[in-house]
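As they're listed, the protein sequences go chains A and B. So the first sequence is numbered by full-length UniProt numbering: it starts at 1 and just counts up by one. So the second sequence is numbered by full-length UniProt numbering: it starts at 1 and just counts up by one.
Honestly, the hints are just simulated from the structure, not real lab data. Certain hints may be false.
[Stated by the list, open to error] Covered by chain A, per the in silico footprint, the following chain B stretches (three or more residues, Cβ under 8 Å): (1) 23 to 32; (2) 127 to 137; (3) 174 to 182.
Just so you know, even glycine gets a beta-carbon here, dropped at the ideal spot from N, CA and C.
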Amino acid sequence: MLSLTQVQAKHTLPDLPYDYSALEPVISGEIMELHHSKHHQAYVNGLNAASEQMEEAQSKGDVASMTKLVKAINFNGGGHINHSIFWENLCPVKDYRPPQGALLEKINQDFGSLEKMQANLTASTVGLQGSGWGWLGYDKQTDQLYVKTMANQDPLSCGAPLFGIDAWEHAYYLQYKNVRPDYVKAIWDIVNWKDVEQRFEAARK
Amino acid sequence: MTFQLPSLNYGYEALEPHIDGTTMTIHHTKHHNTYVTKMNAAVGACPELGSMDLLTLNQKIGTSEIPADQMTNVRNNGGGHWNHSFFWTVLAPPSSTNGPSSELKAAIDGAFGSMDEMKSKFNAAAAGRFGSGWAWLGVEEGGKLTITSTANQDNPLMANVVDQACIPVLGLDVWEHAYYLKYQNKRPEYIQNFWSVVNWEAVNGYYAEATQGKAPKL
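One chain only, chain A, in its complex shape (with noise of 0.2 Å):
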C-alpha cells in the first residue's frame, strides 16, 4: 500500500566554509559561533519539529493545525533559508577581492555604481526597524537588481536573493552594541563576491 505521508529528510544546520574567528574583525568569533550553532541551529531544529507535526497535520486532513503551523514554517524555514545564504555570502578579509564581470556590470546599469548600490543597501539596512535583513536581489521578469529589506525571517519576497545582510541585533550586538551602522559598514569588508556572482548567474538562467 503506498504511504500518503512522504518520510522527509530531517533539515541539517549547515557547516561554515570557515572558522568561526575566520571573519574577525569584521565579525568576532563569539558571534558567530552563537550565530551558527544556537540561533541558526535553533532555525533547523524549528522547522524540523514543525515541519514533522505539519505531515501529521496534513495526513489527519487537521486543516486548523496546518493553519497554525505555517508561521512556524515561515519563521523557522525563514531562518534556515536566510543565515544558509549569508555564511556563504561571507568570507575572510585575506580572500576578499572586489566584484567583477557581469554582475558587476548589472550593479553599473542598476545602480549607476558600486559604490551607489552599496549606500542604497546600507542605508535600506541600517534604518530596518526591529528584526530583519537587507537583501541586494534580482529579479529575471523585470532583469533587473534591486534593494529590499524584510522583515524578522521573511524570505526574500520577490526574485532572488543574492547578498543579504542580517540586520537582527544577535547578528552583531555583542561587538557593536547599538551601532548597526558600523556593522553594516563593515561586512562589505567580508563580501565574497564570487557567491553573489554565482547566485546570480544561476537566477539569471
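Dock chain B against the given chain A, drawing on the hints supplied.
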C-alpha cells in the same frame, strides 16, 4: 512639546544580577535616547505632532489624527519612547520589589487561575514573540486582565493597529538589545530573571488606574 529622556529611579547596576549594568546603560542612554531624539526630530519636521502628548500620540497611531507620512515615524519612535519610559518604572532593585496588591492578585487569580499560571502565560507570550517586540499584562475595556505581545515598538495603547488593545500595567522588552549582552540567545532565562526585578508597587498603581480606564501616568 519637547520630549525628554526620563531618569531612572535606580542606578544602572541596581537590577543586577538579573539585568546587567552595561545593558541598562546602553538601553537607556543609547536605545531609548535615540527614540527621544527621533521623536523630537519628527516634531521639528511636523509641528502639529508637538500639540499631542506622548500618550495621545500612541493612542492615535493608525488614525487620521497623525499625518500619514509621519505614521511610521511616530509608531516606531513615539512607541519606543513610551514603551521604554513605562518599562523603567515597572523595574526595581531585587531587594525592593514587594508584591501584587490584594486587588491585583484577585484579578490575576480570576483571569488566569493563579499567579504562576499568569506568569506562565506571560512568559510564553514573551518567548513566543518572533523577532523584536514586547510582552504585556494589561486591562481590557470591561476591566478584565489580559496578556498579549506586540511587534517592534507597538504597544496595546495603539488600539487601531494591534490585535489586542488594553491598558498596560506590566511590560517586558524582548528586543535582543534588552538581554543579549548577558543572556545571548537564552531569552527564556532573561524572562525568568525579569520576575525578580518587577516593581509591583508601580504595577499595583497602574492596575488601580487602569480599572478606571486610565492609562499609566509616566
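Now the hints, each set against the structure:
no., hint, in the structure
1, 23 to 32, "holds (count 3)"
2, 127 to 137, "holds (count 4)"
3, 174 to 182, "holds (count 5)"
The structure meets every hint from the earlier list without exception.
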